[in-house]
Amino acid sequence: MKLMWFHLMPYTRLPADFRQHHNSVWVDIDRSLFDPAFAHRLYNEFMDELEYAGAAGFDAICVNEHHANGYGLMPSPNLIASALARRTSDTAICVLGNSLALYNPPTRVAEEMAMIDCISGGRLIAGFPVGTPMDTCYAYGQNPSTLRARYLEAHDLIVEAWTRPETFAFNGRYNQLRYVNIWPHPLQKPHPPIWIPGGGSVETWQWCAARDYVYCYLSYFGYQAGRETMMGFWREMERLGKDRNPYRAGFLQFVGVAESREEAMRLYKEPAEYFYGRCLHVDSRYVNPPGYNSEATQRARVTSQVALASQRAQTFGGGASWEEILAKGFVIIGSPDEVAAQLKQVATDLNVGHLMLLLQFGNMSRDLAGYNTRIFAERVLPQLRALFDDRWEDRWWPTPLPKAARVAPQPFLDRAAAE
Amino acid sequence: MSAPAERTVLVNGERCRVWEKGSGAPIFYLAGLSGLPRWTPFLDRLAERHRVVAPSLPGFPGATGHDRLDNLLDWVAATLDLLEGVGFEGGDLIGASVGGTLAAEVAAMAPRLVRRLVLIAPFGLYDKGSPPIDLWGQKPGALPGVISAKPDAFAAFTAPPEGIAPAEWSILMNRANEAAARLLWPLGDTRLERRLHRIRCPTLILWGAADQVLAPSYAQRFAAGIAGKTRIVVLPGAGHLADLDAPDAAADAALNAPG
Chain A
20 MKLMWFHLMP YTRLPADFRQ HHNSVWVDID RSLFDPAFAH RLYNEFMDEL EYAGAAGFDA
80 ICVNEHHANG YGLMPSPNLI ASALARRTSD TAICVLGNSL ALYNPPTRVA EEMAMIDCIS
140 GGRLIAGFPV GTPMDTCYAY GQNPSTLRAR YLEAHDLIVE AWTRPETFAF NGRYNQLRYV
200 NIWPHPLQKP HPPIWIPGGG SVETWQWCAA RDYVYCYLSY FGYQAGRETM MGFWREMERL
260 GKDRNPYRAG FLQFVGVAES REEAMRLYKE PAEYFYGRCL HVDSRYVNPP GYNSEATQRA
320 RVTSQVALAS QRAQTFGGGA SWEEILAKGF VIIGSPDEVA AQLKQVATDL NVGHLMLLLQ
380 FGNMSRDLAG YNTRIFAERV LPQLRALFDD RWEDRWWPTP LPKAARVAPQ PFLDRAAAE
Chain B
3 MSAPAERTVL VNGERCRVWE KGSGAPIFYL AGLSGLPRWT PFLDRLAERH RVVAPSLPGF
63 PGATGHDRLD NLLDWVAATL DLLEGVGFEG GDLIGASVGG TLAAEVAAMA PRLVRRLVLI
123 APFGLYDKGS PPIDLWGQKP GALPGVISAK PDAFAAFTAP PEGIAPAEWS ILMNRANEAA
183 ARLLWPLGDT RLERRLHRIR CPTLILWGAA DQVLAPSYAQ RFAAGIAGKT RIVVLPGAGH
243 LADLDAPDAA ADAALNAPG
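Sequence lines, in order, name chains A and B.
Our numbering applies: residue 20 is where the first sequence begins, and numbers increase by one.
Our numbering applies: residue 3 is where the second sequence begins, and numbers increase by one.
Chain B with its partners taken away, still in its complex shape (with noise of 0.2 Å):
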């Protein structure tokens, strides 16, 4: 994997990292929980045949301000900033997990912005029969195991690269997990359902079998309420951050989402 190009951008005064690779008609990509520590192998798929672009959000690797931000209305304008200073208008946007709750968001308060939506198992809907798992109320260390089907490689994902103090990267990953927290203590309802009829859009959803933060079954209900075409993509084997789990079948469903 060769690295990406990176700049930063301005959120609010704060900075916020962009990664960018591959050429030809742009996509955008806003990472889940932990963020993006690392370039990953679904990324390196879409860049075969995109400029693939993730800005990080406020608070997860690469950005900080998270704690500037108060509310959802906040994080969603925190997010069209971040997308504006990237170049993004009228396009295919990614959003994975926390990231996906904002690229729902963003599809639904500005829906002109998004031409063609990807959600990989976003929170902000609340199914009472099946509440999402408390990510914060784990036993220290299972949270790898929660999030991820594949652990081991969540850890080499998340592990400090060369260069970094151990002691300073958990700091960071920490304020990754803080970020999240921020956004969606604690139930993960950021009430979206009652937007979600704004999305027009042609949305895939995407969705691991063996997510155990949110049921598959959330799948149904993001396409229940989505105005525009969706299209559901179930990954075997896969966790909550499907992407990371299962790069090369979240690669072909996404590139040939519907549109």
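If we strip away everything but chain A, and leave its shape as in the complex, we get (with noise of 0.2 Å):
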């Protein structure tokens, strides 16, 4: 199986008092509680976070995109994963990703993308989401009764510009471009892998399944609130007629490893916490403009237990005490064999070939996230890496060039040394 580790970039100074005192994490967040030379030093932690993961031998390193929040500091993860792109040289990177609909023209991600493709020598996966109500329609100002058939125009627009051998026109409902023809293309063909991240809908499923996509699952909630939408999932790919290959799935999990249960209880706690009761802290105004979900996914929300319990896994609002967080499993904690063994369970029981980690969250210190990355790559990874491979093959994963004909940055060497 692929283990990749996941950043959100969130700000980790969010005051103690901030669901009592302050309206939300997102949209309207307070402007006064962002410190720019706090963030520079974030930025470049986080980065270092992100590049060692990559080096101690996770399968990628993960980025994504959000507006106006502050659990999440990447309204450009393409600008973090060029950079990244550099600084590292066989993990896979994973923009998980950018959010179609704003962009305008859409050209400008299948440009982007193609940069980053190939800066990296092939190593890019492109997640397409469609973003939150709170990125897209409240932050962004997009419309929630147009984003996403805008998002769907976007999508073929960009596999288009990414394909199609010739300069073309393209007219569409929301964009009309009479000159197609990006420079860079990108250099994995046809295209870099396209994952989609997503809440539970069936239509969702459906196109994945009809395009041969990965389909994502990302939410806080951990394991136990995923199940349900994961088995709707497996269930719409039998009904379709599709192998239960786990790699058509992706889903995200908070971690964090320690010597002994009661070190990690310890180490934990506070970033966890920080993270469920300021990072979730979000206003409720701003979850459910009207369109945003299809009628067909409100008809299904009332009846089928898929979808409410991925509703619920949405519904935020924070404030879950440490208690919940570990007995609903939001955080999965543990020495490396039980973390090891929690997590096999869950791969098999979800069938999920892309587990996507988030050692990083909350507060935590770069010191403890890289301590957390460490001992998961050294102790926990090499016990989960064979899962599934015996049986299934990945075919949604980068195949960049072959690693003698990539390229290391190759830095001048100043005057003196060079004579």
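Treat the hints as calculated values from the structure; they're not laboratory data.
There may be inaccurate statements among the hints.
[To be verified] Restricting the straight-line Cα-Cα distance to at most 16 Å, the calculated cross-link-like pairs of lysine to aspartate or glutamate (EDC-like) are:
no., chain 1, residue 1, chain 2, residue 2
1, B, K141, A, D302
2, B, K23, B, D46
3, A, K347, A, E292
4, B, K141, A, E292
[Stated by the list, open to error] Stretch by stretch, here's where chain B covers chain A in the computed footprint (C-beta under 8 Å, at least three residues):
no., segment
5, 53 to 61
6, 303 to 311
[Stated by the list, open to error] Under 8 Å between C-beta atoms, here's a sample of chain B residues computed to sit facing chain A:
no., residue
7, P142
8, P146
9, N179
Predicted model only: the values in this text are computed from it and were never measured.
Glycine included, every Cβ here is placed at the ideal spot set by N, Cα and C.
Make the complex out of the two chains shown on their own, each in a separate frame, by following the hints.
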């Protein structure tokens, strides 16, 4: 299986009374809480962590897009991914992803992702989320009633821009372009693997199946809440006659590893409480703009268990206690063997081949994130890596240039050293 | 209240319900936020003296097709199709809230089509000093109290009628909310300011004194821009859906509109 190291890039200095005295972590988060000088340090530490994870042997490092968000400091994941492309050599770079409807024209996404693919030597995974209501409709002012149609059209335009051999005109409902001809083209052919992070909607599953894309369920509420959704996904794949290749799916899980469970309890309580308390404090005004959910999805939520579970899981509000965080499996903690056993069970149970791990979360320090990453890479990852590979092939993984054909950064030597 | 007669006209091939009641000179009504889930006391008052024709705009109760409309031009063309479909020609047009926006747009785009206009708290303009409230950024359950000064009456107005599953009804009301958002997201500004001068017919501007969505000061902005003769009537105790909150006062004003 693939083990992927995911960073949300949370701002780590939200005040202790954030839930009590601030309205929301998202959309109208208090501007005065942001300290750019501190952010200078944070961004660089976070990129250290991602680069370290790549070097430590994780199969991929992952970034994503949020706007006006106190737990996600990457309005442009492409900027971070491009820097990571230079500073890493073998790990895949998973941008999960760009909210397509926000780019005008969406060929911008085709161009930037092609750049990252070229710079990295073909290591890019291209994630295409619709984006949350908070990001798209409120922070970026998109009309919720046209968002999905714009997203689907943007997807078509990007795939055509990546694959058509000639300059072409695109006359869409929302995009009219006389000349589409992106330079550069992506290195991977026909294009980088496309992954779709989504909620629990049947339409998204069907679309992923029809297009042969990876479906990712990125819940902050762990495997128990995600179980119904993933079961629904696999039932739908079976109904559509698709195989149960676990690499059709991705799943996100928070993890904290230490020498012992007691030690893990001591180390990870504070960052977990910070995340579920302060980071998920989202004003309910911004979660359900009219039209964001299709009528079919609204109907399904009334009738299906799957959707109810995912709806519950997606209800922001936060404030979970440490006991609840552990009992419900929002965060899996323990010794390396305990964590490996649990993750093996999660992956097998949910039938997920791409496991995305949040090993930095909340206000976790650089040192603790480094420790969590190292102990996971050295003692958990080797226990999991072989899972699924005896039976299934990952057809959705990047195909980079052969290592010998790839170049590494080659700094110019200064004059004295050169002579 | 006796039930109105019902028929259907097609707009872009989609069915739009038309309710009609009363006799006399026709008067046409385009409803506001939430559309017309039920016939209203305001329309009954008008129907005492007029044939009242209330066609549903695409996406509002009784009508589909909002998802075909991508921009203001699409909406105006659909509204013209709808009005032509019910035989509107050189008549009296009342529009409330969202319906008021489209009534004003139609009057500006086709000035000869409208003989007399009544606008009840329409969207379409934007006052930087007093922006419209964010209708779609309200706490769950807060919207009735924001758009009506009588939220209980509004709740009854929008409650599921007999014979419809509450879940399906909530999808339908959500659709009406989406249709309004589709036209007005995010600020309610259709740039009507640029076309207001083309409204040349006598225009009555009605506003609820307690409108939390669009401050009553917008009435002056409309009056200042419209080329035709205007009169402003502010209805005490009424919120954004003023004809729902104060049916008698609104009907009295509309029946005595300048013309």
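_Violated hints - listed by number, lowest first_ = 4, 5 and 8
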